[in-house]
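Undergrad: Sequence:
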Amino acid sequence: MELVKELVKKAIPSLSSDKMDALMARLVELGVQCEDDLILVEAPDIQDTMPLIQCRRLVKAFQGEFTAEELSEAMSKLKPGKSPGRDNIHPEFVIHQSTTTTGWLSLPKPNKSAEDPKSYRPISLLCVPFKILERMIHSRIEPVVDSQLPREQAGFRRGRSTADQVTLLCQDIEDSFQDSEKAGAVYLDLTAAYDTVWLRGLHLKLLRTIPDRHMVKFIMETLSNRSFILQTSSGQCSRLRRLKNGVPQGSVLSPMLFNVYIHDLPDTASRKYGYADDLTIMLSRPTWKAMEEGLNEDMGTLVAYLRRWRLQLSVGKTVAAAYHLSTREARRELEVRVDNKCLEVQQAPMYLGVRLDRTLSFKKHLEEVKAKVTSRVALIRRLAGTTWGASAKTLRISTQALVFSVAEYCAPLWSRSPHARKLSKRNELKSAFKTHDPQESSVRKLMAETYPIQRETINDGTNVKVLKEEWPFLFEAAHLFDHASRLLGFSVQNKLAQELSKKELGINNFLDTKGMKMGEGPVQLICGIVRYFKENPDHLFCKNESSSVLEDQMLSPNRTRTPRMLNPCTPCILIRGL
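Quick note: the sequence shown, position 240, residue 240 per UniProt numbering, numbers continuous.
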């Protein structure tokens, strides 16, 4: 900066020291580091010398070309609705030509490494005029193509949805339950299905499907003469490359063309369920062995077809599952092989967004839906407030998009499942408990129908307080005895009374020989046994009010913490009135 200071003194000899210091500070702010950064302008008649010295960098900035960022900022400040000038160009026309996207975020596939390029699904950003052309072609060939597609293919067809396909598969599995048969399914996964379509094979199948050769040739021209450029997040672009195979992701015609490509799947003993590239086969037979043999034969037929038409089956992602009303039977590990490799067996595979567990109770699916809905409801709550936050209209739209779309997906299917019905009955029990005057007969019936999920809640390690909230009638003596009787096959109360009457006489006679006289009744019998083994009653019993029940004693903060009564994990006896 000393050289800069000398240069300024030579250019303006009359500059005072105060103004010199202020000027040097200003030059530092402008980033001036050497004399080449300065442009000196001679103007001896002007007293204020500050504007006479300019930064060359700023001058270059003014003289440079306008950038795309400056253009976008200026276009964003245009106000719509203004009258056009003589050229009759409205502001809306210019606004819609502006760029509003600040960037594209490429999300990796689930459970995939972000460093692997194969973890990302490329989407083609096609020109709008070309999309319009594809729409016109689609509308013209759809009636002809759709009439020749098999019924089991529901992907991207008018009047068909994923829910229909999942419902059809579940209905066939439930039919096998009714026929007392064993059902098995294989969920096939194709590697990069759209990207590996063999164009020559597609050309042949289009000629068999569409009667007009000129239309087929035109469609193949749009596929074979495509080029693409890959742009990374850092703005780097690859060189122009030509597509040799595959139909582009994001194209209007791609789903229909893929349906045509696999519409001639070979006949199999198993029933097929297809939605675009999601393919599933299901077979039911009287025995597991017959069912496994049928699935292996059908998989061999399908694998041969896929290889012939250059589609690749991902053996690692293809899974098998067994279905049966008996949980023990449904745990069977199916032996379905592809290329001498045994397919993975899952207890609840995912099909078109729905978890199909082995008994079709949809328990795991409902648990996942509950977790998703809970997290999204929490997000909506963060956006809401009495004096701040989003408007009611915005919250309603957000709730429908984020919450209802997840909660209602395939609801007609899982809402009639046994697990969903049991959960509904649990809610009825909660409502009955809140009325403070429930009908005893209806409560007893609902409790008896929900014993299995009561045991599931208990076995999950749920504490007593939560158990009372989930099952408010659980600790009533009548329901406890009824539940135990159903599990054991006999009445616990009657059995205990019978066994006590049988054993009481013998035990009393034995205690008499030891010089221990005891009275009659179960309480006296237990006290005599405790005395005989010289046990301390304070270590075995907790004194409490005669009206108390076991769960109240367990929750009491003043409860005596005796060595054997810390947390009894085995059945214990609560004696009242001692």
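Treat the hints as calculated values from the structure; they're not laboratory data. You may find that some hints are simply not true.
Pair by pair, the computed Cβ-Cβ distance ranges are [as the list claims (entries may be wrong)]:
id, residue 1, residue 2, range
1, Gln-346, Gln-493, 43 to 49 Å
2, Gln-346, Asn-536, 42 to 48 Å
3, Gly-521, Val-466, 52 to 58 Å
4, Ala-390, Gln-493, 17 to 23 Å
5, Glu-329, Phe-130, 53 to 59 Å
6, Arg-308, Met-220, 18 to 24 Å
7, Glu-408, Pro-452, 22 to 28 Å
8, Tyr-120, Asp-179, 53 to 59 Å
9, Leu-230, Leu-78, 32 to 38 Å
Under the rule of at most 20 Å between Cα atoms (straight-line distance), these lysine to aspartate or glutamate pairs were calculated in the DMTMM-like manner [to be verified]:
id, residue 1, residue 2
10, Lys-364, Glu-335
11, Lys-205, Asp-179
12, Lys-205, Asp-116
13, Lys-370, Glu-428
14, Lys-495, Glu-470
Glycine is no exception: its CB is placed at the ideal position from the N, C-alpha and C atoms.
Undergrad: State for each hint whether it applies.
TA: Status of each hint after checking the structure:
1. Gln-346 / Gln-493: 43 to 49 Å: holds, 44 Å
2. Gln-346 / Asn-536: 42 to 48 Å: violated, 54 Å
3. Gly-521 / Val-466: 52 to 58 Å: violated, 37 Å
4. Ala-390 / Gln-493: 17 to 23 Å: violated, 59 Å
5. Glu-329 / Phe-130: 53 to 59 Å: Holds: the Cβ-Cβ distance is about 54 Å, inside 53 to 59 Å.
6. Arg-308 / Met-220: 18 to 24 Å: Holds, since Arg-308 and Met-220 (Cβ atoms, about 20 Å apart) stay within the stated range.
7. Glu-408 / Pro-452: 22 to 28 Å: About 26 Å separates the Cβ atoms of Glu-408 and Pro-452, which means 22 to 28 Å holds.
8. Tyr-120 / Asp-179: 53 to 59 Å: About 45 Å separates the Cβ atoms of Tyr-120 and Asp-179, which means 53 to 59 Å is violated.
9. Leu-230 / Leu-78: 32 to 38 Å: About 33 Å separates the Cβ atoms of Leu-230 and Leu-78, which means 32 to 38 Å holds.
10. Lys-364 / Glu-335: With a Cα-Cα distance of about 24 Å, the restraint between Lys-364 and Glu-335 is violated, given a limit of 20 Å.
11. Lys-205 / Asp-179: Given pair Lys-205, Asp-179 is violated - Cα atoms ~39 Å apart, limit 20 Å.
12. Lys-205 / Asp-116: violated, 34 Å
13. Lys-370 / Glu-428: The hint holds at about 19 Å.
14. Lys-495 / Glu-470: violated, 30 Å
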